[in-house]
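Asks: Here's the letter readout for the chains.
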Amino acid sequence: MRSTLFDRDLLYLFSYDVDLEMRREEVGFVPGGVRVNIFAKPNETRLYNVARERSMLGAKSIQGTILGGGDFALIRSDDIGVLDVQLLMETDDGALIYSTYRGVFSAGPRGFRRLISEKPHLGSEAHPFEGLVYIAPRYETADPRYAWIMQYQCAGFGRVTVVDSLVRAGTFDIYAMDG
Amino acid sequence: MSESDIGDITSDYFFSIKAGVSIQAQGKSIVGPAGARLYFAFNSGTSRVWTKPRADTPGRVSGWEGFEGTVLSGGDFALLRLDGVFQLDGRLTLKSREGVLTDAKYTGMIDLVDSARIARAFTEHEHDRKGLTKAIHTLEAAAFEEYMRGKPLSARLELPIVLSVAFEAANTPWTNAPGEDLSWPAKRYVAHEKDFWRYRLLMRRPFVAAGKISFEQNLPMGVSGMELDFLGLSPKAAS
Numbered sequence: 005m006r007s008t009l010f011d012r013d014l015l016y017l018f019s020y021d022v023d024l025e026m027r028r029e030e031v032g033f034v035p036g037g038v039r040v041n042i043f044a045k046p047n048e049t050r051l052y053n054v055a056r057e058r059s060m061l062g063a064k065s066i067q068g069t070i071l072g073g074g075d076f077a078l079i080r081s082d083d084i085g086v087l088d089v090q091l092l093m094e095t096d097d098g099a100l101i102y103s104t105y106r107g108v109f110s111a112g113p114r115g116f117r118r119l120i121s122e123k124p125h126l127g128s129e130a131h132p133f134e135g136l137v138y139i140a141p142r143y144e145t146a147d148p149r150y151a152w153i154m155q156y157q158c159a160g161f162g163r164v165t166v167v168d169s170l171v172r173a174g175t176f177d178i179y180a181m182d183g
Numbered sequence: 059m060s061e062s063d064i065g066d067i068t069s070d071y072f073f074s075i076k077a078g079v080s081i082q083a084q085g086k087s088i089v090g091p092a093g094a095r096l097y098f099a100f101n102s103g104t105s106r107v108w109t110k111p112r113a114d115t116p117g118r119v120s121g122w123e124g125f126e127g128t129v130l131s132g133g134d135f136a137l138l139r140l141d142g143v144f145q146l147d148g149r150l151t152l153k154s155r156e157g158v159l160t161d162a163k164y165t166g167m168i169d170l171v172d173s174a175r176i177a178r179a180f181t182e183h184e185h186d187r188k189g190l191t192k193a194i195h196t197l198e199a200a201a202f203e204e205y206m207r208g209k210p211l212s213a214r215l216e217l218p219i220v221l222s223v224a225f226e227a228a229n230t231p232w233t234n235a236p237g238e239d240l241s242w243p244a245k246r247y248v249a250h251e252k253d254f255w256r257y258r259l260l261m262r263r264p265f266v267a268a269g270k271i272s273f274e275q276n277l278p279m280g281v282s283g284m285e286l287d288f289l290g291l292s293p294k295a296a297s
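Keeping their order, the protein sequence lines are chains U and G. To convert, take the position in the first sequence, counting from 1, and add 4; that gives my numbering. To convert, take the position in the second sequence, counting from 1, and add 58; that gives my numbering.
If we strip away everything but chain U, and leave its shape as in the complex, we get:
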């Protein structure tokens, strides 16, 4: 009988907070749910190091800006959001990093109805709904200083904030799975 295969460390890479209200394309109902394309405002989302989190690079971590990209999301009728994201990032020291990932977000019981209905809404200004998000990013870069990132399958843990059934913001911590 073998032991579990998950005996890896998660090595912290960076975090980011993204404002998701900037531009939305509400395509509408498709089989299985509702398609919504969400785009963050270019050049306004920062990559940073969460304080006290030990990073892959010791004292430094990946710091930079998201240049552009978007999430072609499907809000499924079983209350699960499926993310499909492509992003382009630039570090403060000029390296360009491309990222693609899929993930899931749970809207909670009857979350689909509450997200899509006129009323009742999901989340309020006083009590925003915060849903957990799990993503599996991979990265590409040409910069030799960051080439190491391409050998990792990464994992991201995040939260999205929903007010009045609109996804307002997302915050993510990204880790590399250390082999």
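Do not rely on the hints blindly, as some may be mistaken.
As the list claims (entries may be wrong) - Mimicking DSSO-like on lysine-lysine, the simulated pairs with C-alpha atoms at most 27 Å apart in a straight line are:
| hint | chain 1 | residue 1 | chain 2 | residue 2 |
| --- | --- | --- | --- | --- |
| 1 | G | LYS245 | U | LYS123 |
| 2 | G | LYS163 | U | LYS45 |
| 3 | G | LYS252 | U | LYS123 |
| 4 | U | LYS45 | G | LYS76 |
| 5 | G | LYS270 | G | LYS76 |
| 6 | G | LYS153 | U | LYS45 |
| 7 | U | LYS45 | G | LYS245 |
| 8 | G | LYS76 | G | LYS153 |
These are computed hints drawn from the structure, not numbers from a lab.
Once you've looked at the hints, dock chain G against the given chain U.
Replies: Here is chain G on its own, set in the frame of chain U:
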């Protein structure tokens, strides 16, 4: 609509797109083991989606009345492979004049290698297959290097492009419960459900898009625009 036979497949013309395309991130690319990744975006302000008048009038395919609108957004993190082929993998959102949004995912290729030079290589190495392999490899690698170096293109160059496309068009809410009240969705998700029938065919068959991509010498990485005809494929009806 015109009809052409490809084996046992019929293709029907549905609509066309003409759009400006520009390189993003100041033309910076990510050069990795497989090639260079470049980020292009469609310029919605200079786009047009329309159904061209053709010799066969619309209506050849029952239920299709044409598409008039614009490209709302779109982009492509294209990979220029080391062998001189642009591998496309992009998204488009189209907006019809009724306000219906239609999503498109596409893949495709653009070959930057000069086919005339490849043909010459075949002639020159007719009896030397090892030499032919080396010559082709050299031409393909050169196409990649020349594009990345921004080697001046001819004043205006157009290259053929073919895409495989899958659409998603807005529909009415789905339910598996007969008789279920469907008045609950917010208006913004169902505002155009009365028009969904116009575009439902986009989701009911595979599509290819064929056309050209334009390059202009003075633009970053040269890309300036794209013009495509979208054709829906279906099995040829049994006679």
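Asks: Could you grab the alpha-carbon distance between LYS163/G and LYS45/U and see if it respects the 27 Å cut-off?
Replies: Distance of about 22 Å is within 27 Å: holds.
Asks: Straight-line Cα separation of LYS252/G and LYS123/U no greater than 27 Å?
Replies: Since the Cα atoms of LYS252/G and LYS123/U sit roughly 22 Å apart, the hinted pair holds (cutoff 27 Å).
Asks: Hinted pair, alpha-carbon criterion (27 Å max): LYS270/G, LYS76/G. Please report holds or violated.
Replies: The given pair, whose Cα atoms are some 10 Å apart, holds under the 27 Å limit.
Asks: Holds or violated: LYS45/U and LYS76/G, Cα atoms, limit 27 Å.
Replies: holds, 26 Å
Asks: Has the given pair, LYS153/G with LYS45/U, been kept, meaning a C-alpha gap of at most 27 Å?
Replies: Given pair LYS153/G, LYS45/U holds - Cα atoms ~21 Å apart, limit 27 Å.
Asks: Taken at face value, is the distance from the CA of LYS153/G to the CA of LYS76/G at most 27 Å?
Replies: Status holds; Cα separation ~14 Å.
Asks: Between LYS45/U and LYS245/G, does the CA-CA distance stay at or below 27 Å?
Replies: With Cα atoms ~25 Å apart, LYS45/U and LYS245/G stay inside 27 Å; holds.
Asks: Is the Cα-Cα distance between LYS245/G and LYS123/U 27 Å or less?
Replies: Roughly 11 Å separates the two Cα atoms, so the pair holds.
Comparing the model with each numbered hint stated earlier shows that all of them hold.
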